[in-house]
Amino acid sequence: MSSEKKGWFKRLKAGLSRSKSAVSGGVTGIFTKRKLNAETLEELEDLLIVSDLGVAVAGRVTKALSKDRFDKEISDIEVREVLASEISAILTPVAKPLMINTENRPHVILMTGVNGAGKTTTIGKMAKGYIDGGKRVMLAAGDTFRAAAVEQLQIWGDRVGAPVITKPIGSDAAALAYEALERAITENIDILIIDTAGRLHNREELMAELGKIVRVISKKLEGAPHDTLLVLDATTGQNALHQVDIFGKVAAISGLIMTKLDGSARGGVLVACAEKFKLPVHAIGVGENIEDLQPFNAEEFAAALVGDTEA
Amino acid sequence: MFDSLSDKLGGIFDGLKRRGALKEADVIAALREVRVALLEADVALPVVKSFIDKVRTKAVGASVLKSVTPGQQVVKIVNDELVAMLGSDSVGISVDGLPPVVVMVVGLQGSGKTTTTAKIAKRISEKDKKKVLMASLDVRRPAAQEQLKILGEQIDVKTLPIIAGQTPVNIAERALQAARLQGFDVVMLDTAGRLHVDTALMAEVQAVRGATNPQETLLVADSLTGQDAVNVAREFDAQVSITGVVLTRMDGDGRGGAALSMRHVTGKPIKLVGTGEKMDALEDFHPERVASRILGMGDVVSLVEKAGETIEKEDAERMAKKMAKGQFDLNDLRDQLRQMKKMGGMKSVLGMLPGMGKMKQAAAGAQMNDSVFRRQEAIINSMTPKERLKPAMINASRKKRIAAGSGVGVPEVNKLLKMHMQMAKMMRKMSKMGKSGRMPQPGQMPPGFENLIPRG
Chain A
11 MSSEKKGWFK RLKAGLSRSK SAVSGGVTGI FTKRKLNAET LEELEDLLIV SDLGVAVAGR
71 VTKALSKDRF DKEISDIEVR EVLASEISAI LTPVAKPLMI NTENRPHVIL MTGVNGAGKT
131 TTIGKMAKGY IDGGKRVMLA AGDTFRAAAV EQLQIWGDRV GAPVITKPIG SDAAALAYEA
191 LERAITENID ILIIDTAGRL HNREELMAEL GKIVRVISKK LEGAPHDTLL VLDATTGQNA
251 LHQVDIFGKV AAISGLIMTK LDGSARGGVL VACAEKFKLP VHAIGVGENI EDLQPFNAEE
311 FAAALVGDTE A
Chain B
512 MFDSLSDKLG GIFDGLKRRG ALKEADVIAA LREVRVALLE ADVALPVVKS FIDKVRTKAV
572 GASVLKSVTP GQQVVKIVND ELVAMLGSDS VGISVDGLPP VVVMVVGLQG SGKTTTTAKI
632 AKRISEKDKK KVLMASLDVR RPAAQEQLKI LGEQIDVKTL PIIAGQTPVN IAERALQAAR
692 LQGFDVVMLD TAGRLHVDTA LMAEVQAVRG ATNPQETLLV ADSLTGQDAV NVAREFDAQV
752 SITGVVLTRM DGDGRGGAAL SMRHVTGKPI KLVGTGEKMD ALEDFHPERV ASRILGMGDV
812 VSLVEKAGET IEKEDAERMA KKMAKGQFDL NDLRDQLRQM KKMGGMKSVL GMLPGMGKMK
872 QAAAGAQMND SVFRRQEAII NSMTPKERLK PAMINASRKK RIAAGSGVGV PEVNKLLKMH
932 MQMAKMMRKM SKMGKSGRMP QPGQMPPGFE NLIPRG
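Chain order of the listed sequences is A and B.
Counting from 11, one number per residue, gives the positions in the first sequence under our numbering.
Counting from 512, one number per residue, gives the positions in the second sequence under our numbering.
Warning: the hint list may mix true and false statements.
[Stated by the list, open to error] Computed from the model, here is a short list of chain A residues facing chain B with C-beta under 10 Å:
#, residue
1, Asn125
2, Ala157
3, Gln162
4, Pro173
5, His211
Don't read these hints as lab results, they were simulated from the structure.
We put the CB at the ideal spot given by N, CA and C, even for glycine.
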């Protein structure tokens, strides 16, 4: 696996370039020397929908565009600027890095999400970042359901140098979380990251289990979990809204991480999520390498999504 | 969260009374709503456009049946066209041919390849009676090969021994060789997750394809996928020419528009759908179900309820099977009590047992009471594991301890033990009758069952 060093912005742009070219290429196609009329507006709305922005956000952005410009000649650069500023306005309030308060002793982070979203990989990357920053990190292999999930986290733990608390497959995940927290307290750990099994948000019994994990943790340490993160797959469509809604209700999600932005998926549903739930977006995953987890930056995300204005 | 298409179209056609035929203007207004509904269901835009064109041609001039509203008529046309586009004939996985037949599974990271590989292997080995060998070519994700190995042990399907440091092509070749030498009919190759835009990794999977010449190359895709579904399907098809799609996580509440997108851009059938984490949660693809889901006509709540029902039914069937074997200790009795609590009483359980009609009525008459079940469960919970396995060892002093532990009197413990004894006896009898081919008389209440009904 190549791990050449690139600036994170370059990486982000490389990761987002496909979404960018899809949207901005289309924008250029529509607006080069054209009047802004109902037809062009509809096409623009379509293009935003293609980016998984969702019908509501796409409608709002196109409305903002048409406000003073309807029936006027408009250049594609102007369109991109308005697009970017609209999207950025939605995203800026939610672009917040994950704040670790080491006074928490430990700061407990609970990772949640549907199956295959990338929870375990994200934990590996996060742990690496914190360990590099001089923190003492412990991992808890709370996915006691899926075959070899424990081994997967164990390998990440070995790679980044973090102890991993495990229990045999089929064990009670809440009991494991409790034990891990106990160990983390006695061993004076700074950050405890707890993995959980992937679960679909409409599976009531599995969501109840997640609720139990949260309760058990908060009983052991007041205020914990300090962060409960929902990992979203960028390829997911409008269903991400359901995921945020229901995980939020059951586990009091405090922030989002979006993974797999290095594909051709646009991840535009993040904009819809931001508008609807106003939950902080902490980071994005732009690749499989350990350093491919990047802080979320609203302006850059928006600019990358609609194309650079100076281009 | 989504309004159903029928509601929306109802709104459009509210002003219109019944007409002889659908006018173009009405159809266009209706199709605007259809377009939004499809987009909200994550059908990819180019697919939506081509679909709308088709429907427009069909709908304009179509006569409105007397019994329905124009809105309903449009929904019907849309639904029929959706089903047709999704593929009206169900296509299975082909594993016949000169062994070893190779089935390769490809897809993005986290789409559910490994789980799907094991589910398909289980299905082929059980339903088609084929000897299956599974091999994981995923040398990238930590513990991926281990995962397939564990699943293989669970479903009793052989996996290729893991040798560290081999390339995917090496592993695939080794799997084929092992299959030839050991007489396997089918080799399932589980590949690493990869992005369709990752040229290096796509070249790798092409190399595997070239080395093994798979009869089936299945794209495993998440049914929750958004607009990107077209790109993923088109690229995988163009680069490794897939033979079909397996959609995973259909037990989620996604609207499943990806199914239509993928089918449309590749022309390849959707062969199977994954509907849960259990190894047998793999079903044939039903276009009509997905069509109503995409249109938001199937009520999510009722779907969830239906799923819940099946789970309970499975539980009850498992229990009935256990009873038929004639083994019955106090653990089994406790399981039963729990099941009954979960299923909202004994009536539904009894309904599944043969010859219990009369019993069912008796149960209904006695007004089943959950608190009785809870008390009985508490008594069993107060026993040691040994006592539960061998109720005969429960002497007077043990009874006292159990009674104190569960907050009841000794007579109640006696009653429970008596009930268990009679039931165990009945189980043995029933299993013997089963073996000799005699079924219990219809309507005859087996001894012991009346004790289950709380009195007073």
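Now for the hints, and whether the structure bears them out:
1. Asn125: Where the cut-off is 10 Å and the nearest Cβ of chain B is about 7 Å from A/Asn125, the hint holds.
2. Ala157: holds (4 Å)
3. Gln162: Where the cut-off is 10 Å and the nearest Cβ of chain B is about 4 Å from A/Gln162, the hint holds.
4. Pro173: Nearest chain B Cβ about 16 Å off; hint violated.
5. His211: With a minimum Cβ separation of about 7 Å from chain B (threshold 10 Å), the hint on A/His211 holds.
Comparing the model with each numbered hint stated earlier shows that hint 4 is the single one that does not hold.
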